[in-house]
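Peer 1: Chains B and F are the protein sequences, given in the same order. So the mapping is simple: my numbering equals the position in the first sequence, first residue as 1, plus 63. So the mapping is simple: my numbering equals the position in the second sequence, first residue as 1, plus 40.
Calculated from the structure, these hints are not laboratory results. Treat the hints loosely; a few may be bogus.
[To be verified] Straight-line distance between alpha carbons at most 16 Å, and here's what the computed EDC-like set of lysine to aspartate or glutamate pairs gives: (1) B/K454 with B/E591; (2) B/K251 with F/E99; (3) B/K134 with B/D307; (4) B/K533 with B/D606; (5) B/K602 with B/E569; (6) B/K667 with B/D737; (7) B/K602 with B/E555; (8) B/K735 with B/D665; (9) B/K82 with F/E181; (10) B/K645 with B/E536; (11) B/K247 with F/E135; (12) B/K508 with B/E718; (13) B/K645 with B/E569; (14) B/K247 with F/E99; (15) B/K134 with F/D164; (16) B/K251 with F/E135; (17) B/K455 with B/D420; (18) B/K758 with B/D509.
[To be verified] Label-pair ranges, simulated between beta-carbon atoms: (19) B/A110 with F/Q126: 40 to 48 Å; (20) B/A100 with F/S86: 37 to 45 Å; (21) B/K251 with F/Q126: 16 to 24 Å.
As the structure is a computational prediction, the values presented were derived from the model and not from experiment. C-beta atoms are modelled at their ideal positions from N, C-alpha and C, and glycine is treated no differently.
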Amino acid sequence: MSHTQAPLQERVRAKIDDKVLYENLRNFGTSYRVSRAKALEGRDFPALRRELNQRRSLDPELVMQRFERFKAQAEAAGGTVYCARDAEDANRYILEVCQRQSSPIIVKSKSMTSEETRLNDFLEARGITPVESDLGEWLLQLANEHPSHMVMPAIHKTRQQCARLLEKVAGHELDDNDIDTMVKVARKALRERYFAAGVGFTGANVAVAETGTIATVTNEGNARLSATTPGVHVALMGYEKLVDTFEDALKTVDLLPKCATGQNITTYVTWMKGRNPSQAHPEGLKEMHYVFIDNGRLGFLDHPDFSEALKCIRCGSCANVCPAYEMVGGHVFGHIYIGAIGLIKTALFHGDKTAHDIIGLCVGCKSCSEACPAGIDLQHTIFNLKGYLNKKYGVPGLKRFAMRQVVASPERMRNILKIGAFAQAPFKSKDGRYLRSIPVLPASKDFRRFPSVSSETFLDRFRQMSPLQKSDERVFFYPGCAVEYFYPRMGEALVRILRHAGIEVEVPEKSACCGVPAIAAGDMQAAEQTIVTNLGLMKNPEDYAAYLVLCPTCGMGIKEDVPQYTRERPDEYRRARRIASKVQSLGQYLESRGMRFRVRGDRKVTYHTPCHQGRGMQQTAAPYLQALLGDQFVALTHSDVCCGFGGSYSLDQAEISRGILDKKLGHIRESKADILVTDCPGCVMQIDGGARFQKMDVQVMHLSELLDEHLELVIEA
Amino acid sequence: MRQQIIDRFVHHSDLAANRTLVLSSAEARLWLDEQTDERSFLDIPSYDRHQRPGPIPQEGIDLAVVQADMGIAASGTVAVQSSDEQLRLATCLAEHLVVVLNADHIVAELADTAEYLRQHTSSDCAFLAYITGPSRTADIERVLTIGVHGPARMSVLVIDDKEHTA
Chain B
64 MSHTQAPLQE RVRAKIDDKV LYENLRNFGT SYRVSRAKAL EGRDFPALRR
114 ELNQRRSLDP ELVMQRFERF KAQAEAAGGT VYCARDAEDA NRYILEVCQR
164 QSSPIIVKSK SMTSEETRLN DFLEARGITP VESDLGEWLL QLANEHPSHM
214 VMPAIHKTRQ QCARLLEKVA GHELDDNDID TMVKVARKAL RERYFAAGVG
264 FTGANVAVAE TGTIATVTNE GNARLSATTP GVHVALMGYE KLVDTFEDAL
314 KTVDLLPKCA TGQNITTYVT WMKGRNPSQA HPEGLKEMHY VFIDNGRLGF
364 LDHPDFSEAL KCIRCGSCAN VCPAYEMVGG HVFGHIYIGA IGLIKTALFH
414 GDKTAHDIIG LCVGCKSCSE ACPAGIDLQH TIFNLKGYLN KKYGVPGLKR
464 FAMRQVVASP ERMRNILKIG AFAQAPFKSK DGRYLRSIPV LPASKDFRRF
514 PSVSSETFLD RFRQMSPLQK SDERVFFYPG CAVEYFYPRM GEALVRILRH
564 AGIEVEVPEK SACCGVPAIA AGDMQAAEQT IVTNLGLMKN PEDYAAYLVL
614 CPTCGMGIKE DVPQYTRERP DEYRRARRIA SKVQSLGQYL ESRGMRFRVR
664 GDRKVTYHTP CHQGRGMQQT AAPYLQALLG DQFVALTHSD VCCGFGGSYS
714 LDQAEISRGI LDKKLGHIRE SKADILVTDC PGCVMQIDGG ARFQKMDVQV
764 MHLSELLDEH LELVIEA
Chain F
41 MRQQIIDRFV HHSDLAANRT LVLSSAEARL WLDEQTDERS FLDIPSYDRH
91 QRPGPIPQEG IDLAVVQADM GIAASGTVAV QSSDEQLRLA TCLAEHLVVV
141 LNADHIVAEL ADTAEYLRQH TSSDCAFLAY ITGPSRTADI ERVLTIGVHG
191 PARMSVLVID DKEHTA
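Modelling step: build the complete structure from the supplied sequences, incorporating the hints.
Peer 2: Here it is, written out as C-alpha cells:
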C-alpha cells in the first residue's frame, strides 16, 4: 500500500469532487444524528460521558496496576502476555506466532491498533497472509486501500465498486444493485478463510483487569468466529484499553454502539477469557496471546493535553459529526486514525510532520467535543496541538506577519484598515456594503460576496451617539474586530436597543483584538500581546452589570483565554476572572432581563446557531426568538451545524468551507424564511456572503439588527 | 413489573430483527418438536434436550437451538455461555439460531450484567456471547443486509410459565 501522497490541497479537491463520497457521507451524517439521538433517549449523556471520562483515569501508576492484575489473571489461565515496545516489536511477535503454524493465513477482525502498527503490510512482506474478516475491511484489502472510517471502513466505496471487487472473487458477473448476493459472495469466501487460518486475530474493545477478560463488539459476527476456528488467538491492544471492573467495561460497551452508529447495542458482544476448548489445537485448548503495545502511549499518559486522547473508545462520533470530515472523508481528514481524534493520534503515533499537514483541516466548530462519549475535549487539544506544531514548523509567513505586526497592535490594525477602507472604493457595490469583486482572489476561493471595510469604525460612530442623561444600569460592550471594522451597524443597533431600555452602554477607548485569531493560528506570542492590551482597556468590572459581546468567539476569548494568559499575574488574573464571569451575549442578557419585544410585520425568521454561541457560550437564542416571534419563527434544520466560516479557514480551506456553507444555504432555502438571524458577525459574513453570491432573496442579519429593525421594545411602566 | 420487563425485552428483541415468541414450557416443547429434526443441533438443559448430529461443518447447519443464561430487556439481548466449542460453532454457523430464554432471567439494563460476567469469568476459561439478533452489515453503501458471517435468522423463545407460579 502506497503511503506517499499528493499535496493536501490536491487531495482535498479530489474528495470534494467525489459525488458518491459526498452523498454517502452526507446521508450518513444526517441519519446518524437522528439514530444517535434516539439511542440516547432518556439517558443523561453529559453525566454518562463525565463518568466514563473519570473511570478511564490514565494515572500511569493506575494503568500499570491494572495491567499487572490483568496479566496475573491471564497468565494463571494459561495465556501469554507480551509487552511490545513499539509497532515493529508487536508486529514481529505476531509474525513469529504465525510462522509457528502450518497455515500462513491469519484471519483478522477489525483492529485500529493493527492499522496503527501497519501489521498487514508487515506480515505480507514476510510471507504471511492476513485476511480481514470484516466485510468492509476485506473489500478494502481487495482494493488495496486503507479504511476511511473507524466503524464503516468502506463508506467511500460505491456498490458498483464493491461489485467489481467481488466479481474477482466470485468468478462471475454480479448485479450492482443486488447487495444481498454480494454479501453472500463475501460470506462464502470468508467462511473458507476462517477454516483455513492458523491464527485468529482480534483487537479488544476493553480488557477487564479483574478477571483477565477481553471483549469485542461487532455486528457481523466476525470477531467471535475469528476467535473460534483457528487453534491460536492473538489479541492486540493498547494499555489504554484496560479497565478495572466489569462495571467500567459495560459503561464503554453501552455507549460505544450508540455513538458509533446510533445502535442500541451491536449484534455481538463477546467476552473471552483464558484457554477455551479448541479442536484445531494439539492440546485441545486455544493458545492465547495478549499483546499489549506501547508505541509511545505510555509516555503520553501524564501529558497535560494528550493523555485525554487516550481515553478514546474508537466510536467514530467525532468523525460522524465533523462538518469538514463530511466533506472530504477519512482518507484526507486523518492519516490512519481519522476524524478529530485522528488529527491528535496522528501526532502521537505517526509523526508530528504528518499531523501538521492535516491539522489545518479542522474548522474549529467544537462538535467533536460535544459528541465524544469519553468526554474528551478534542477541540481544545487540537487547538493546543496546532500551537505546538506551529511553534515547531512555523506559522506561515504572511499569517505570522498579520498576527504579530497587525492584529497584536490596535493602532496599526486600525490604520491598515483605514487605508483598506479608502483603497477599496473602486471595488465597492452600489450600496457600499459589499465588494463587487476581489481582483487577486482565485476562483476556488471565490464563493462569497465580502463585506466592505466600513469607512467609519464602530467606535467612531459610537462617539457620535448621545449618552443617556441618567440610567439605572450600565453594561460594557466589547465590539471585537468584525463589528468595529466591518459591521458597525450591529454595534449601533445594540446601543440603540439598550439605551432605549434605559441601560447605559460603555465601550473600550480603543479597539484591541480579543486574541482568538492569533491563538487559532497557533501564534501564542501575538495572542498574549493583544490579550494583555485588551484587558487593560476593559475598565472596572464592578461598574458594570454585564460585559456584552456580539461575537461569541470574542466572548469565548474573554471568558477562557484572557484568564488563561494572565494566570501568572495575580492582580490581572483576578480582574480577568471577574470580567469573564460577567460576559454574556446580547440575547442572553436581554432574555435574562426579561425584555419583551413586539413584532413588527410578518416576516418569517429562522436562526442559525453559531458554533461558539451554542457549544462555546453554551446558550442559543432560539428559545428566546421562538418566544418573541411565535408562528413567525421557523426552526432551521441542522441549525447548530457550522456555517463553514472558521475565520481564516474560509480562505485557507475555501473549498471545504464552501461545501459546508452550501449545505447551510440549502437548509435556509428549505425553511422558506425571509430572514436568517444569527448572533455571530463571522457567521453573518459567511452566510450573507454566500447568500448574496448565489443571489438568494433571504436577508441575513445579526440578532441586534433584527431586534432593532423588526421588533419594538416593550417598555414596562 | 415482571410483565413490564418481559414486554420491554420482546419489544427490543423484535427491533433487533428477531422473531420473538412468548410461550409456556408446554408450548415451547411443542414448538421444538415441530420445528426441529434429527439434523438440528440442540442444547437445552432445562428440557433435557441434547442432540449433536455431528461436528459442525464449514458450510454450517440449518438450525441450532441453545439456551440463554439471561436476557437484557433494554436491548433484546441474550447471553449464551459458549465455551463449549461445538456449541459455539453451532451458534456461529447455523442459518437459523433459536435461543430459549426463561422469562424470570431477564434483567433490565446492560449494566445489570456486571456480576454475571464477573462470576462466569472467574474460572479458568470463559466465552460469553451477548447476542442481539441475526448477524448484519451495512458496509456496502450503508444498505443493511442481514446474515453475514453468522446466522441469517434468529428466534427467541421467552418461556413464561406465569400461570404455573403461585
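Peer 1: A separate judgement is required for each hint: does it hold in the structure or not?
Peer 2: Status of the hints after comparison with the structure:
1. B/K454 with B/E591: Roughly 15 Å separates the two Cα atoms, so the pair holds.
2. B/K251 with F/E99: Distance ~8 Å between B/K251 and F/E99 Cα, so the pair holds.
3. B/K134 with B/D307: Distance of about 12 Å is within 16 Å: holds.
4. B/K533 with B/D606: holds, 15 Å
5. B/K602 with B/E569: holds, 10 Å
6. B/K667 with B/D737: With a Cα-Cα distance of about 5 Å, the restraint between B/K667 and B/D737 holds, given a limit of 16 Å.
7. B/K602 with B/E555: violated, 21 Å
8. B/K735 with B/D665: The hint holds at about 13 Å.
9. B/K82 with F/E181: holds, 13 Å
10. B/K645 with B/E536: holds, 14 Å
11. B/K247 with F/E135: holds, 12 Å
12. B/K508 with B/E718: Roughly 7 Å separates the two Cα atoms, so the pair holds.
13. B/K645 with B/E569: holds, 14 Å
14. B/K247 with F/E99: holds, 12 Å
15. B/K134 with F/D164: Given pair B/K134, F/D164 holds - Cα atoms ~14 Å apart, limit 16 Å.
16. B/K251 with F/E135: holds, 13 Å
17. B/K455 with B/D420: holds, 13 Å
18. B/K758 with B/D509: With a Cα-Cα distance of about 14 Å, the restraint between B/K758 and B/D509 holds, given a limit of 16 Å.
19. B/A110 with F/Q126: 40 to 48 Å: holds, 44 Å
20. B/A100 with F/S86: 37 to 45 Å: holds, 40 Å
21. B/K251 with F/Q126: 16 to 24 Å: holds, 22 Å
Taken one by one, the earlier hints fail for this structure only at number 7.
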